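Engineer: Chains A and C, in that order, give the protein sequences.
As numbered in my numbering, the first sequence has no gaps in its residue numbers, which increase by one up to the final residue, 260.
As numbered in my numbering, the second sequence has no gaps in its residue numbers, which increase by one up to the final residue, 260.
Be a bit skeptical, because a hint or two may be false.
Put simply, identical chains are the same to the list, so a pair is met inside one copy or across any two.
[Claimed, not checked] Calculated lysine to aspartate or glutamate pairs in the EDC-like style (CA-CA distance at most 20 Å, straight line): (1) 38 <-> 234; (2) 174 <-> 242; (3) 222 <-> 184; (4) 178 <-> 242; (5) 245 <-> 184; (6) 178 <-> 121; (7) 147 <-> 37; (8) 38 <-> 134.
The set of hints was computed from the structure by calculation and includes no laboratory data.
In this text the structure is predicted, and so the values were computed from the model without any measurement.
As a plain string of letters, each chain reads:
2 protein chains.
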Amino acid sequence: MEEKLVKEIEQEGVSRRQVLAGTGALAAGAILSHVGGLISPAVAKDGTTEQWPWPYEKLDPEKTAQLAYEEWYRVFCGAAVISSIFSQLREKVGGPYNSFPIDSFIYLEGGQAGWGTICGAPAGANMVFNLIIGPRKPLTDNTTAHEMCIDIMEWYSKANMPIYMPKNPKVTAELPHTVSNSPLCHLSVGRWMKAANKPLASPERKDRCARVAASTAYRAVELLNDWKDGKYKATGEFNCGKIHGITGQQNCNDCHGANIPEAPKAPPEAPKAPEAPKKA
Amino acid sequence: MEEKLVKEIEQEGVSRRQVLAGTGALAAGAILSHVGGLISPAVAKDGTTEQWPWPYEKLDPEKTAQLAYEEWYRVFCGAAVISSIFSQLREKVGGPYNSFPIDSFIYLEGGQAGWGTICGAPAGANMVFNLIIGPRKPLTDNTTAHEMCIDIMEWYSKANMPIYMPKNPKVTAELPHTVSNSPLCHLSVGRWMKAANKPLASPERKDRCARVAASTAYRAVELLNDWKDGKYKATGEFNCGKIHGITGQQNCNDCHGANIPEAPKAPPEAPKAPEAPKKA
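Please build the complete structure, drawing on both the sequences and the hints.
Structural biologist: Right, here's the structure in full:
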């Protein structure tokens, strides 16, 4: 996984040497001077919020999911996932969680202000991972949050949603379950609406989305608890950049049908000159 | 615009009465008690980061764009947009900007950890608007940040990117310009790669993305400066929920071709009973 990430980061414009040397603030400084050195690395001035990992105490996934379900009816999917985890950590830990403005993230609903891009549930979980565990190499010596984003987006795309069944659900009729094959709100909600034959404004669609947020918060806490116990292993396998040479999801056929285009490829590397014979 | 937003919020499960009564924390409490009252509204414990708007001083769009361009080579698109604006506001204002962990948001690159969902540039701008101006109704009495998200995603989708030309660009060859017709990374980057015939890992693609982040930071600051001057007017017109009854982007044909499905619709409202005659 480490090697894979090094390759991905290289694609984004950081050399292998920089990545492999990338351990903490020192590395960020080294990279900075390499690319121009015009801007200092951002360090939050109170000295705690840009030092990772943020202190984490294990949470109960069930309790977290129920909180997320209820919070959906106040702040919708993205902020509900963030709030369900951070509201508990404010109580248990305090510190950096106290100053993080949870309610700002209501805009993640509907795939960001209703535009149907990434569902707020994985968008909120991705944010939580990166706030708690910290940014990836080369800014830190850690690739875990990056890997956890890939894991939860892959998990979300394959899950038969909604998974979590709340206590005292607002809608008591049985809801259909669907697989989105994508982390996008438009596809996740659209496939469910088609299967359920329910409109966007229906109580059933709303409760389905509240349960999707709850299901994602549950899974996010499972991953974070594993990480806290030193048991987390990255499981995500999809890498569109490797397969097709472009950033992407795993549902290529949804838009491309059978004709998935190949992105322009880098020219093959020139053969290396033979090494000079070693001196005896 | 106000009326449109009220309708959108209604679709998400909040009643018209609640929305129209939604002025600040009091309204949040009222809504909360309506939907169950199990969770207190999140209020950051230091008392400054969840009070909106955050103090804002007008910034120079040109300087901000150049900062974003340079920051791309450290933290990629999403965090570059956030950093270009917040690093200046840390100097000019301090306060809530000091504790916001900018560098966590490196994961917005590549449409969130390389998954090709929303481009980090509009994702970062959306975040900045909602952190500074504050969340929409019903949590506050303000719809501006919500409208600004729609504006910048529509602007991004129609822009002939990249627009901003940095001082001392790392790539000096002329780069092609393309219109993404979408805020998604996969489409924005993919269309440009096809036009340029350059691979993902090429210096040209990287510099194109750095300039896209810079262009978006420039536009974000123009909108924020207008808002500060009391001159901001929402201009975004696309509303997929209204047109097709589902969250979505404006590029329906990209995936659906000519056959854009209609989402399940709500049954027509029952005719209202005639009002009782008024007493004389």
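Engineer: Classify it for me, residue 222 with residue 184: is the Cα-Cα distance of at most 20 Å met within a copy, between copies, both or neither?
Structural biologist: Classified as between: cross-chain Cα gap 19 Å, same-chain 39 Å, threshold 20 Å.
Engineer: My question is about residue 245 and residue 184: at a cut-off of 20 Å on alpha-carbon distance, are they close within one copy, between copies, both, or neither?
Structural biologist: between (46 Å within a copy, 13 Å between copies)
Engineer: Treating 20 Å as the Cα threshold, decide for residue 174 and residue 242: within, between, both or neither.
Structural biologist: Cα proximity of residue 174 and residue 242: across copies only (10 Å, versus 31 Å in one copy).
Engineer: Classify it for me, residue 38 with residue 134: is the Cα-Cα distance of at most 20 Å met within a copy, between copies, both or neither?
Structural biologist: neither (23 Å within a copy, 41 Å between copies)
Engineer: My question is about residue 178 and residue 121: at a cut-off of 20 Å on alpha-carbon distance, are they close within one copy, between copies, both, or neither?
Structural biologist: Result: close neither inside a copy nor across copies, 47 Å intra and 31 Å inter.
Engineer: From the Cα coordinates, with 20 Å as the cut-off, is the pair residue 178 and residue 242 best called within, between, both, or neither?
Structural biologist: between (37 Å within a copy, 12 Å between copies)
Engineer: As a check of your reading, is residue 147 near residue 37 (CA-CA no more than 20 Å) within one copy, between copies, both or neither?
Structural biologist: Classified as neither: same-chain Cα gap 24 Å, cross-chain 46 Å, threshold 20 Å.
Engineer: Should residue 38 paired with residue 234 be assigned to within, between, both, or neither, using CA atoms and 20 Å as the limit?
Structural biologist: neither (38 Å within a copy, 44 Å between copies)
Hint compliance for this structure: hints 1, 6, 7 and 8 are broken, all remaining hints hold.
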